[in-house]
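Residue-level listing of the chains:
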Amino acid sequence: MNVQTRAIEVTRYSPERDKEPYLQRYDVPFDESTSILDALNYIKEHIDATLSYRWSCRMAICGSCGVMVNGIPKLGCKDFLRLYDHTPETPIRIEPLAHFSVERDLIVNMDEFLTHLEAVKPYIIGDNVDTASLPAEASLQSPAQLSRYQQFANCINCGLCYAACPQFGLNPEFVGPGAIALAHRYNLDSRDHGKTERMPLLNSKNGVWSCTFVGFCSDVCPKGVDPAAAVNQGKVDSAKSMLIQLFKGSQLQGEHQ
Amino acid sequence: MQQHSFDVIVVGGGGAGLRAAIAAASADDSLQVAMLSKVYPMRSHTVAAEGGAAAVTRDDDSYAAHFEDTVAGGDWLAEQGVVDYFVRHAHAELVQMERWGCPWSRRPDGHVQVRRFGGMKTERTWFAADKTGFHMLHTLYQTSLKYPNIQRFDEYFVLDLITDESGIGGVIALQISTGELHVLYANAVIMATGGAGRVFRFNTNGGIVTGDGMAIAYRHGVALRDMEFVQYHPTGLPGSGILITEASRGEGGVLLNKDHYRYLQDYDLGPETPLGEPKNKYMELGPRDKLSQAFWHEQQQGRTGKHGESDVVYLDLRHLGAEFLHERLPFICELAKAYVNVDPVKEPIPIRPAVHYTMGGIMTDSQCETSIGGLYAVGECASVGLHGANRLGSNSLSELLVFGRLAGEKAARRARAFANKQHHNLLQARSKAILATWEDKIAGLMDTSTRDPKSRSWAELKQALVTTMETGCGIYRQESALQETLETIRALKADYQDVRIEDQSGVYNTDLLHCIELEFSLDVAEAICLAALERRESRGAHQRLEPELTQRNDREFLKHSLVSWENERAVLRWQDVDTSLSAPGERAYGDQRKTRQADNGGAA
Amino acid sequence: MSYKTSLSGSWWRKHRFFKLYMLREATVLPLAFLLCSLLAGVFSLQDAERFAQWQSFMGNPLIVAVHLIALLASLYHAFTFFQLFPRVMPIRLGDKTLPAQWLVAAQWLAVVVIIAIVLWVVSGGEP
Ligand SMILES: Cc1cc2nc3c(=O)[nH]c(=O)nc-3n(C[C@H](O)[C@H](O)[C@H](O)COP(=O)(O)OP(=O)(O)OC[C@H]3O[C@@H](n4cnc5c(N)ncnc54)[C@H](O)[C@@H]3O)c2cc1C
Ligand code: SF4
Ligand code: FES
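Residue numbers (the working numbering), protein chains in the order written: chain A, 1 to 257; chain B, 1 to 604; chain C, 1 to 127.
Every clue listed holds true.
Output of the computed footprint for chain A on chain B, the stretches with three or more beta carbons under 8 angstroms from beta carbons of chain A:
#, segment
1, 141 to 148
2, 202 to 213
Straight-line alpha carbon distances no greater than 27 angstroms define the calculated DSS-like cross-link-like pairs of lysine-lysine that follow:
#, chain 1, residue 1, chain 2, residue 2
3, A, K195, B, K146
4, B, K279, B, K258
5, B, K346, B, K258
6, C, K96, A, K235
7, C, K4, A, K44
8, C, K19, A, K235
9, B, K279, B, K346
10, A, K235, A, K205
11, A, K121, A, K195
12, A, K248, A, K121
13, C, K96, A, K195
14, A, K44, B, K493
15, A, K248, A, K235
16, A, K195, A, K205
17, A, K44, B, K441
18, A, K19, C, K4
19, C, K96, A, K240
20, C, K4, A, K205
21, A, K248, A, K195
Between beta-carbon pairs, the in silico distance windows are:
#, chain 1, residue 1, chain 2, residue 2, range
22, B, L426, A, S147, 56 to 62 angstroms
23, B, G276, C, Q107, 40 to 46 angstroms
24, B, A491, A, S139, 55 to 61 angstroms
25, A, R17, B, E568, 36 to 42 angstroms
26, C, G94, B, G276, 24 to 30 angstroms
27, A, D111, B, S371, 34 to 40 angstroms
28, A, S147, B, Q300, 43 to 49 angstroms
29, C, R16, B, G276, 42 to 48 angstroms
30, C, P90, B, S371, 54 to 60 angstroms
31, B, E439, A, E89, 44 to 50 angstroms
32, B, D28, C, R16, 52 to 58 angstroms
33, B, R573, A, S139, 44 to 50 angstroms
34, C, V112, A, T212, 25 to 31 angstroms
Think of the hints as simulated: they come from the structure by calculation, not from any bench. What you are looking at is a predicted structure, and each value in this text was computed from that prediction instead of being measured. We put the beta carbon where it would ideally sit given N, CA and C, even for glycine.
Using the sequences and the accompanying hints, generate a full structural model.
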């Protein structure tokens, strides 16, 4: 049988053993449908059981399997070996997501993203949210109102946009594209009344104004969320909210005098 | 080793676990709730559910109708009191999800839209485009952030339970990022660890769906119920098994064999419905087991096509048009393009059946409590008795909510009743012993100096397991193959004793985790196979090939199977079914329904 | 202990996308330069002699070339700006968001109209 193989190199790092990450090379069989994740699974089950990486759904929806492939953030399960040229001298390179701390091999510290996500209060804020006194009725929301935020609700929390964002790379305190997109999703939801609670963080130094609209985050997003658009629409909101604050502030002072 | 004390522990961060944690945390904000999951909650496999969640919604629908569909769909093996409770509470739970922000698809007037689903008489399935599970899971995860009394332990792998005479006392977990073992005490524990589809080779499940919780409870003497009922989904992508949602047929997709013929009409599901006019319970909207079985027959007759190495039939969506497909089934278009390189607008999608759902699970009473006091189970890992011999699509997402909430509330009540933490001190000795067993076990797995050169790796054993399950416990089953598979599983269990792992690290040692998961899977597989062997009839998803066993046999088998672990072996017993509300009738689809009804004077 | 990576100063040279981004940011400078020249011209209008000086300075072929390059760079900057605008301020009419291409086209149309008006005014308001 004539099985084609591809050369790939994978970052290895064990905090107990290594001072810094290094690359290890493997040759894996492939066909038209072999994904990067399939290749990693092949290595784990047939060549080297000590390789660690995250995955679960293998259908681009759980957001576990983000890695850098030849320097670009990708979902391992939705990127395919067939898309890459390779020679024995230039293998396909698989590395952990950029800008995150590396815990082990391809596994990064996702909390560096999720703490930001949890800080933006990503849930509906308002009265009548908990329907303890059932039965209640569903609120109305027109397809047009739904379509305002729907795109931003499609984020799978994969973190690729953070690995694409140089501002996050320079300043890990930057709330970042994915989390701001989620805040924006709730701000745009006709059922939500929590915008004023979310704006102070977005207005802050590490909020929307840390973004210089590089835009690469939206380019790499596997779900078409366009987080860069969310962040920059957030700037418009932020400017408005700060103006209102300013106005209210001077009014308050006026009242005191 | 670290120790923690909580009031309620939830094991699992999928739809069921999150709903339960929220219910427990909001029942009483003085209760401390811990939620452990081996992956971040939003990675749980609930995320992959596409189609939707069922609840009686339209004016022309009724609880009685949803009840009938569920009970008949489950071939009268459902607990009818449980089904009744379920259909009455599903709507309120979906409304609660709406209030929490779930982006349900809407009608032009702003009301939530419902879609058709296989086996359901009327449209009652709520959906969020074709990513319902994804949106539900993220809504629940995000909402859970509101509750300061929920403490998450993400990437903690639960290994074992701590129990004593008075019931549950807590869990033992491995912190994946460090390899450290933790003891967590609580007087109420909820298992919500999901299904076990990964014990089969070809399945629609994520890599984490390995039946851990089922095996853990089973090893503590809790029975696994109705394990032989494993649902095949008729439309998985060849190769990967990735699911193409049933909603694609609900929206009007049709199934063709290699001769472009809508073969379902030959299997009591006809007459053929006109293109673009799908009809509930006819043709493509018949129940999943019938559709998967029809595939098997077509395959036997050589009327299936080929995609790579897989035999396939075709799901044709072309007549629905590009705009409709992109609006209603965007994820399906994306998946077909990425994984089989087919644009559904232009070509039919090659598909084949894949293992999808485990109807059985940890046996509970109607209140989600197991035979161990204070230990609850909910979601796909549990058998509360809703699905019987076959689950109807879109009933299980609603199940997560209805029973997740119930389990959470019950657990909160129990935690309050047993508020004294003295119990935790009493358990110290026990937890130490269990901990020591696990420490030894892990050290043993890592001790490569004692490796038998002939021993196989977990990966090889896993491969052998999933292959034998597919051959012996597939869509159609028979005595000899089941017997052989059972023996293979037992041999694999023996071989497992010699397994060693390469990875010696404490940090993210996935080699170790997969190895432990395999041990859990072996237990679950044995239970499935044993129950399938002993159920000598055909019912719902369990179909026997022997000519004398192809019919349902209520006289002997209108019973739940219970497999328990006793004296180091699997033992099978039978349990009566609650049929107090509707006597067993004939399960018929297509026009068959009308004729049968006429014959029975409309009683079916 | 996890391994902390840090961003080197040359991060933007690693990828075409980042280089284009740097170009977009850099072209703000020529744009500013163009504006300064123009403003200098406007101020010099107060004094006929200074205006003549400015005019003759601007006539220098080298200066013309520099300004042409700056104009091209500014156009590139405008191009990127116009592309991004619809994503920052999507415009909704009823149920639908206007297609981004329409907004981009509208912005270029506005540029053409403004140039036409300016030319018309400069040429003395004759049709
Ligand atoms: C592709 C697909 C599509 C589906 N579509 C539909 C649909 O349209 N409608 C419908 O009603 N149903 C559908 N289902 C079924 C339904 O989605 C599942 O039954 C349901 O989501 C299971 O939820 P769960 O919360 O019980 O488990 P899961 O979501 O699987 O969560 C299990 C949790 O347990 C944790 N866990 C497991 N083991 C351990 C351990 N040892 N230690 C710690 N944590 C552990 C996991 O980390 C995870 O958080 C679908 C299923 C699949 C596979
Ligand atoms: S916005 Fe896109 S890239 Fe960023 S986390 Fe969400 S899905 Fe991933
Ligand atoms: S494995 Fe789930 S997104 Fe890739």
